[in-house]
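Can you make the complete structure from the sequences, with help from the hints?
Chains P and R, in that order, give the protein sequences. At position 257 of the first sequence (counting the first as 1) the number is 257 in full-length UniProt numbering, and the numbers step up by one without a gap. At position 119 of the second sequence (counting the first as 1) the number is 119 in full-length UniProt numbering, and the numbers step up by one without a gap.
Quick caveat, the hints were computed from the structure, so don't treat them as lab data. Don't take each hint at face value.
According to the in silico footprint, chain R covers these stretches of chain P (three or more CB under 8 Å from chain R) [as the list claims (entries may be wrong)]:
no., stretch
1, 37-44
2, 49-58
Here are some of the chain P residues that sit facing chain R, going by a computed Cβ distance under 10 Å [to be verified]:
no., residue
3, Pro62
4, Leu66
5, Leu73
6, Ser107
Don't be surprised by glycine CBs; every beta carbon is placed ideally from N, CA and C.
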Amino acid sequence: MAPERLHADITMAEKRRAMAGSPVCRAAPGPVNETEFLAQSGAKDMLREAVLKLLEARPEEPTAFLADYFEKLWTGSGTAAGEKGVHLLAQQRLNRALWYLKLSHHSQRTAFNNNLNMAYECLSTGGRKKKTGLTGKNYSEVLSSICQEGELPEEISCELLRKIKCRDHEAVPFDIFRYGVLTCFVLLEFRSKADSLFSVLNKQGPADQRLGKAVLDTLEEALVTSDLFIPASYLEAGTKLGPDGLALAMDKAYLGNNSDATISRNQFLKDACALFLYKVKPVG
Amino acid sequence: MSPERLSQPGAEYLAQRHVQVYLEDALAQLLENKDEVEPQGSTAKFFAQYFASVSKGTHVLFREFGFVQITPHNRASFLKIFWRCFRTIAKNGDLLSMKEYHCLLQILCPDFPEDLTQKAARIVLMDDAMDCLMSFCDFLYAFQIQFYYSEFLDTASALYQDLLTGKNANTVIVPTSRSATSRQRQPPSDSSSQDGVDAPQFCQGLESLCERYRHSCPPVPLIGEILSSAPRVSFYGFLMALAKHPGINQSIGALPDRAHLLLDELLDKELDRLIAQLSTSSITHSPTSSCALISRDIARVASPRKCLATRRRPDLESDGSTEETDSSES
Chain P
1 MAPERLHADI TMAEKRRAMA GSPVCRAAPG PVNETEFLAQ SGAKDMLREA
51 VLKLLEARPE EPTAFLADYF EKLWTGSGTA AGEKGVHLLA QQRLNRALWY
101 LKLSHHSQRT AFNNNLNMAY ECLSTGGRKK KTGLTGKNYS EVLSSICQEG
151 ELPEEISCEL LRKIKCRDHE AVPFDIFRYG VLTCFVLLEF RSKADSLFSV
201 LNKQGPADQR LGKAVLDTLE EALVTSDLFI PASYLEAGTK LGPDGLALAM
251 DKAYLGNNSD ATISRNQFLK DACALFLYKV KPVG
Chain R
1 MSPERLSQPG AEYLAQRHVQ VYLEDALAQL LENKDEVEPQ GSTAKFFAQY
51 FASVSKGTHV LFREFGFVQI TPHNRASFLK IFWRCFRTIA KNGDLLSMKE
101 YHCLLQILCP DFPEDLTQKA ARIVLMDDAM DCLMSFCDFL YAFQIQFYYS
151 EFLDTASALY QDLLTGKNAN TVIVPTSRSA TSRQRQPPSD SSSQDGVDAP
201 QFCQGLESLC ERYRHSCPPV PLIGEILSSA PRVSFYGFLM ALAKHPGINQ
251 SIGALPDRAH LLLDELLDKE LDRLIAQLST SSITHSPTSS CALISRDIAR
301 VASPRKCLAT RRRPDLESDG STEETDSSES
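Right, here's the structure in full:
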């Protein structure tokens, strides 16, 4: 594909050069022709769709995002009529679904929900334009790909998948799909937050074990003891993790501290993730 | 994740990243190339290629000047292309005149205006002896400043002239204090012509200028750093310092730093390989006559290499012309 594109790039550039040399005699096609062409090619709608997706996702580099978007659009339309193997098609659908899921951050709920829908649609379509529904196998594949790309350690992702995966032959309803995918993304974010928390502890020399433990305990208290069905418990958890609450716990730990034991980043992250996993409700 | 970007109004986000420019251009290019694009299906392909080339920075090749300079990204892309296409000049150590550099620029952008090239040359030559020859490096970094910050430099120049003639609104002459008035009067009369203007004052003016030019001016802390090194500064001295400052080059992000300007690992490796092959094959020729036993082996190994080397040699010589395809590759 790359050489082909290079070629297209060059021919386009060559043409521009030829045109720039003779700006006067550039054949100007009639405007009717152009509007017709635009209507035929569907360029307008295509661009409108693209801008909507762009606004949902707000990527740092819009042009790279658009290039990727159109690339997917193009390969997607090409393979619908293609004669590739079933396995390859399945792989492509998986990639496409993952791409949808990553288009926008999960905290942007409307955009993320739209993309979840698209991904679900995409995964549920069978080989011959037949709706087969999402199987547990494909669902697990999506989840493990998300975990892999987020560089989640094997043991944690196994534990997570054990809780939220379905049996291979089961049909996965949208709600479960949404729950599973969202859980993966939130865990990844939780882990990166825990990681930056550890970096703070680790700033001046190796992180102290007691301090690390105090932080984890506070985290545990906030997470584990809270009841998800009582809205007020969210606020309680927030106060427990607020700067003063956390500082109090750390201060207490620091005063009674006279050991040199340290805690490693991996251990800290593992413990933090275990707290999260404890809260994940198993499906089915 | 930058939260600012996510909370921005949509129109502002699009405008800040100049998305509309590229959308319009994509449509215009589509219409221009419509004979080659079939109506169905391949429109997406065309857009994919267009935006890929925008994000790679090859989209400004052979385009009209109006488009080349319209966004900061386009300017940076053009600088990169210019560097990649004509890097060999620097490698050979050739010195060129302003007119010759202008011709090179016109190869890439047919209607490139001469006054920009001229201004860049002024920075290198410190506004003196304009028919001098310049090295590629010197010209390139000066050109980068001039081209990328063109509008900012124009206003800065006006500000400088105002300061020189003492027209600055910030200058407050306190009539009661004799020392102040004498200090204020002195600079324009004798030291201004050779010493330029008061650096902190110039810096202050530029800072307020930068506030207005939010997106196309050098980073303010770096301007402060440059202007704090001496009490007085001349305009071309300031431009030269801008051009030579590695931090500014980094913030534009189009060119590598000066030390790495001529390094291109792929090309260099290729060249080294060729040279190594040439030398081994030429060395292996001499022992062939003396020691027949080894020579047969060597000859067998060396012959395909030699063949490759001779085949590649024309590439080596016409390096300048092949650069063009090279630049659109990555």
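Hint-by-hint comparison with the structure:
1. With a threshold of 8 Å between beta carbons, the proposed coverage of the stretch 37-44 of chain P by chain R holds, since 6 of its residues qualify and at least three are required.
2. Taking a C-beta to C-beta cut-off of 8 Å, the stretch 49-58 of chain P contributes 5 residues in contact with chain R, enough for the three needed, and the coverage statement holds.
3. Using the Cβ-Cβ criterion of 10 Å, the hint placing Pro62(P) at the interface with chain R is satisfied: the shortest such distance is roughly 5 Å.
4. Of the supplied interface hints, the one on Leu66(P) holds, with its beta-carbon coming within about 4 Å of a beta-carbon of chain R, less than 10 Å.
5. With its C-beta approaching chain R no nearer than about 4 Å, Leu73(P) sits inside the 10 Å limit, and its interface hint holds.
6. Because the beta carbon of Ser107(P) sits about 8 Å from the nearest beta carbon in chain R, less than 10 Å, this interface hint is met.
Of the hints listed earlier, there is not a single one the structure fails to meet.
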